[in-house]
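Enquirer: One letter stands for each residue in the lines below.
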Amino acid sequence: MPRPLGITSLQILAAIRDGVSYGLELVTETGLPSGTVYPTLGRMKSKGLVQARWEDGRIADEERRPRRRYYTLTPAGADALAEGAARHRSVAASLAPKTEGA
Amino acid sequence: MSTSGSSFARRFLRAIAWLVPASERASWLTEWENELTVLEGAKDRARSAYPTATTFVVGALPHALWMRKEDWTMSGLPQDIKYAFRVLARSPGFTAAAALTLALGIGANATIFSLVNGLLLSDPPGVHEPDRLVQIARSYDDAPRWDNWSWPALQTIRREARLFEGVAGYAGRSMTLGSGADAEQVAALMVTGDYFGLLGVQPAAGRLIGPADDTTPGAHPVVVLGHDLWVRRFGGDPGALGDVVQVAGDAYEVVGIAPPRFAGVEVFAPPPQLFLPASMYPPFRGLLPFDEWGWSWIQAFGRLAEGVPFEQAEASMDVVGNVLRAADPVNEDVRVLVASGVGLDPEERDEARLVGGLLGGVALLVLLLTCASVANLFVARATTRQVEMGVRLALGAGRARLVRQLVVESLVLGLLAAGIATVPLMLGAGALPSLLPYMVSAPFTPDARVFGSLIVLGLLSGLLFGGAPSIAAAKRDVAGTLRRAGSTGGDGSTRLRDGLVALQLTLSLGLLASAALLGSSILNALRADPGFEPRGLLAVYVDLEGTGRYDGESTTAFGEALAREASGLPGVVSAAVASQAPFLAGFARSTTGPADRPNDPSVEVEAEAVFVTEGYFESMGIPVLRGRALRSSAAEPQPVAVVNESLARRFWPGEDAIGKELTGEVPIRVVGVVGDVQGRSLRARAAPAVYRPLAASFNQRLALITRTPGEPLSLAPPVRELVARLDPGLPVLATEDVHARMAASLGTTRIIATLVAGFAGLALLLSVVGLYGLVSFTVSHRIREMGIRIALGAAPSGLVGLVLRRVLGVTLVGMLAGIVLAIALGKALEGVLFGITPSNPWVFAAATVVLLTACVVAAWIPARRAGRLDAMVSLRQ
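The listed protein sequences derive, respectively, from chains S and U.
Taking this note's numbering, the leading residue of the first sequence gets 75, the next gets one more, and so forth.
Taking this note's numbering, the leading residue of the second sequence gets 1073, the next gets one more, and so forth.
Don't read these hints as lab results, they were simulated from the structure.
There may be inaccurate statements among the hints.
Listed below are the simulated DSS-like cross-link pairs for lysine-lysine, each with C-alpha atoms no more than 27 Å apart in a straight line [as the list claims (entries may be wrong)]:
1. U:1154 x S:121
2. U:1141 x S:119
3. U:1154 x U:1141
4. S:121 x U:1732
A few chain S residues facing chain U, derived, Cβ under 8 Å [as the list claims (entries may be wrong)]:
5. 88
6. 89
7. 93
8. 97
9. 98
10. 101
11. 109
12. 112
13. 119
14. 120
15. 121
16. 122
17. 141
18. 143
Quantities reported herein were computed from a predicted structural model and do not represent experimental measurements.
Even glycine gets a Cβ: it sits at the ideal position worked out from N, Cα and C.
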């Protein structure tokens, strides 16, 4: 992994892990602008962290809505999320006020 | 979400979809459109959680751009660009030669574009919604003209023009600012009270002139300073507000500062530095009745009321015309002309379009020529890069990939050249105003549009010069290329080089012939006979109006004293004062007819009205054909006139004009007939003219005309001293050699001639370099063959002939095509030529001889090398 994932990417990865699975839903769930969400998805897709697939047209027809493009985590994506979360936890810990002496 | 909004969102998505790489475009568009559908359908349920459709689809742009960038990165475009820079840096000589050549071509085009941009495309700075402004001009039924209005006419238009938010007037004048030692002459603009309001101009400080400043003649001594003047003379000090300054000898209070760069609404005018209320127009104080219909001095424009189309306003002017015609007999055949926009009047626009079109066309030829030169360099270099290309092909690079690499190199070079071209652009744009026959209100400073044109030109020329050679270079077969390893040319690339050099010669000959035609026109203009003797004449302008100190009587007295004193100056043969000087400004016309047939519109004519002192015809060298010349005003107690031949022939054909009378308040008796004079333009036929004593004039601008056997401009200093002696505060506006002005009266021919001559010189240089290169290339690439020939006993002169014969074909083809191009260019230039037909054979002969001589020299120098070859040395190579 050349560059650690930023907070935005991690937010999106976490949302996908939690079952938020297509673009518009990611936009509403994360509160990030669409101009951030889609390029980030694209970047993570080309890094192999997420996969994209078009849903079966029949399901969409049954539910009387347009087809969705679903994003899912790859194993590499799950690892990256775990690594990123750990890194941010340690950063958060280092930012907490330290108790002097002992 | 409204339907129109959603359809906008969809249109937006489709519009930016082309940014997305083709392989992913369909999928990208479906994803965005589908989610947009959901978003729009979610009206009632989760609407609050969703962004608006517009906010949502705006994000599609960064997404599309990102995918485009990814595609380029994946396909190695950044590497191509990096590699292009490396390749160009590796051969700095080649890069410099190519970039500099191109920069000249690109700079030439961008310079011409900045001219067109400045004249036709730019809006007047500081003006709000210039699209709704309309010029309103006075004309007559017989010949359309763009003329000024009288004060009462302007008021009538104002009242009657109901489809306009308002109608304002302005008049440019040169006025004296300050007094004594720090007096200076500045461009002033007399403006009506609604001028600034209608233009929507905001002051830089203080206030501008408003309606309250323009009600009673002579009662509003307030002035607004131009920004430049304020900075120059007052150091940009806001304390200047409230100061009292002397303008034209009167005290004015400074009430405001105009915004920077605001220069009125006229392109062809000096940038105004003082703005005064029109009611302060100096002649209103005593000289000119406020309601004088016969004195037209003010220009008008209006702002269309919101939502009124121009055509409707134009049609409504017929009514205004009727009111004007009914108002005063002077307006009998007056017509109101309107034109959308301000800046240039329609006649000037036509001229600017003609000049811009001609120069733009010529500049494109120059660009084509520079591209041919650089393409030539590229082809030459391609032969030295054959090995590199061969190796890359052998290693499996696709041909398309190689072509792209070469095209990227061309584009990088094109952009580099565009960057360098800013230098010729800045120099060219800076020099343009001095080449124009008129003053311009704003310099042609290149703006974003002009710099944008540099980039477009750079990319365009990159494609032009890089395209063909790149494809030719990548077409070669691998094995053959590697085997030959750059030893010989002699295939497609040679033919391409021949073609490019022939193209250069064609363009050069066309440009040289055009330059010769234009140069001859200027020379013809200098030799033309305008009906008077222009050589040895100096014209000096003084403006009494700007001082505000003269009335009609003292103007005449000053003019006659000036003429009398000037004739006594050493070196002066004769001198006179007139209301106008030939080929300079200050022309006046008035309607006149024969008194024996009053009000016969078929004979009446708008004659040029010239007011002169005694000795005018003698000084000008205008022959008095019958009768006598005019005497001094005091010696002419009766109303008398001298007319020119055209007028005499029109009014009294076959009769003697002497003793006949012209219409006027009282009949004016004709006492003499003089020859016709072309005093405005060499192209226009002489107009009917009436000469009257100076005392009959309203005009307070006087031209002193002095004749000397020597150099006219040498009289300028003593004449200035004389003016200073007669009236120490009176500025001299212009001192001009009339003969030089006569050539300049060809107007735009001069700027076209100057630029085309420059372009032709550049073309000649480039094609000579191209030919030299071609011959050197031929010699060096056939060096082994020549060695063999020498070894077998060929004479050195034979070898030189061998080289030259090959070049001869190229030269002949190029020249023949050049003659065809020259004829076509000549036809296009016909309108600006003077005294020469576009197909003049001598011009073609001269251009051909010049080019041929240059070619022979360019070919002979390298060809000589062939004759000096040493057989052993060349065989070993």
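Enquirer: Work down the list of hints and note, for each, if the structure agrees.
Expert: Cross-check of the supplied hints:
Between residue 1154 of chain U and residue 121 of chain S the CA atoms are separated by roughly 24 Å; this keeps the pair inside 27 Å, and the hint holds. For the hint pairing residue 1141 of chain U with residue 119 of chain S, the CA-to-CA distance comes to about 15 Å; that is within 27 Å, so the pair holds. Pair hint residue 1154 of chain U plus residue 1141 of chain U holds up; C-alpha atoms about 16 Å apart against a cutoff of 27 Å. Between the alpha carbons of residue 121 of chain S and residue 1732 of chain U the distance comes to roughly 101 Å, so the proposed pair goes past 27 Å and is violated.
Proximity of residue 88 of chain S to chain U is violated relative to the hint, the smallest CB-CB distance being about 18 Å (cut-off 8 Å). The restraint placing residue 89 of chain S at the interface with chain U is violated, with a minimum CB-CB distance near 14 Å, outside the 8 Å limit. About 16 Å separates the beta-carbon of residue 93 of chain S from the nearest beta-carbon of chain U, more than 8 Å, and the hint is not met. Annotation: residue 97 of chain S was flagged as interfacial toward chain U, and the flag holds, the nearest CB pair being 5 Å apart, inside 8 Å.
Taken as an interface hint, residue 98 of chain S checks out: its beta carbon lies about 4 Å from the nearest beta carbon of chain U, inside 8 Å. Below 8 Å, beta-carbon pairs count as interface contacts, and residue 101 of chain S has one with chain U at about 7 Å; its hint therefore holds. Because the smallest distance between the Cβ of residue 109 of chain S and any Cβ of chain U comes to about 3 Å, under 8 Å, the interface hint for this residue holds. Of the supplied interface hints, the one on residue 112 of chain S holds, with its beta-carbon coming within about 4 Å of a beta-carbon of chain U, less than 8 Å.
The restraint placing residue 119 of chain S at the interface with chain U is violated, with a minimum CB-CB distance near 10 Å, outside the 8 Å limit. For residue 120 of chain S, the interface hint holds, since its Cβ comes within 8 Å of a Cβ in chain U; the closest pair sits about 7 Å apart. Using the Cβ-Cβ criterion of 8 Å, the hint placing residue 121 of chain S at the interface with chain U is not satisfied: the shortest such distance is roughly 11 Å. The criterion of a C-beta within 8 Å of any C-beta in chain U is not met by residue 122 of chain S, whose closest approach is roughly 14 Å, and the hint is violated.
Hint on residue 141 of chain S holds. Least Cβ distance to chain U is approximately 6 Å, under the 8 Å limit. At a threshold of 8 Å, the smallest CB-CB gap from residue 143 of chain S to chain U is about 5 Å, leaving the interface hint in force.
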